[in-house]
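Asks: Sequence:
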Amino acid sequence: MEGLGIIWSIIIGILAGAIAGWLMKGSGFGWIMNLVVGLVGSVLGGWIYGLLGFHTDSILGVLLMSIVGAVVLLGILSLFMRIRNRD
1 MEGLGIIWSI IIGILAGAIA GWLMKGSGFG WIMNLVVGLV GSVLGGWIYG LLGFHTDSIL
61 GVLLMSIVGA VVLLGILSLF MRIRNRD
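Just so you know, this note's numbering puts 19 at position 19 of the sequence shown, and the rest follows in order with no gaps.
These aren't lab readings, by the way, just hints derived from the structure by calculation. Treat each hint with caution, since some may be false.
Label pairs and their in silico Cβ distance ranges [what the hints assert, rightly or not]:
| hint | residue 1 | residue 2 | range |
| --- | --- | --- | --- |
| 1 | Arg82 | Asp57 | 33 to 43 Å |
| 2 | Phe54 | Leu79 | 17 to 27 Å |
| 3 | Ile59 | Ile83 | 32 to 42 Å |
Since the structure is predicted, the reported quantities are computational estimates derived from the model, not experimental observations. Using N, Cα and C, we set each Cβ at its ideal position, and we do this for glycine too.
Construct the complete structure from the given sequences, taking the supplied hints into account.
Replies: Shown next as C-alpha cells:
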C-alpha cells in the first residue's frame, strides 16, 4: 500500500466495504457500517496478506486485499451478532 497515500487508502477502503457488504448480503449492518468495516477491513486484509506472503503492487491488488479483509471482518461481526441475539 506504500505510495498510494492516505486518500487512496480511504477511497479503496470505502469501495471495499461497499463491495463486501454487497457480497455478504443479509448481514444487517447497513451500508454506512459496511463502509466503516471496509476501512478497517483494508488494514485487516493487509495483515492477512502479509501473513500469507502475498504482495500487492497495483490498485486492483490492493482493492482485492481490502475486500478480503472486509469480508472476513463482516463474517466475524455476523457471528458475534448471531451469538448476541441468541441470548
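Asks: Now look at each hint and say whether the structure bears it out.
Replies: Hints versus structure:
no., hint, verdict
1, Arg82 with Asp57: 33 to 43 Å, "38 Å, holds"
2, Phe54 with Leu79: 17 to 27 Å, "25 Å, holds"
3, Ile59 with Ile83: 32 to 42 Å, "36 Å, holds"
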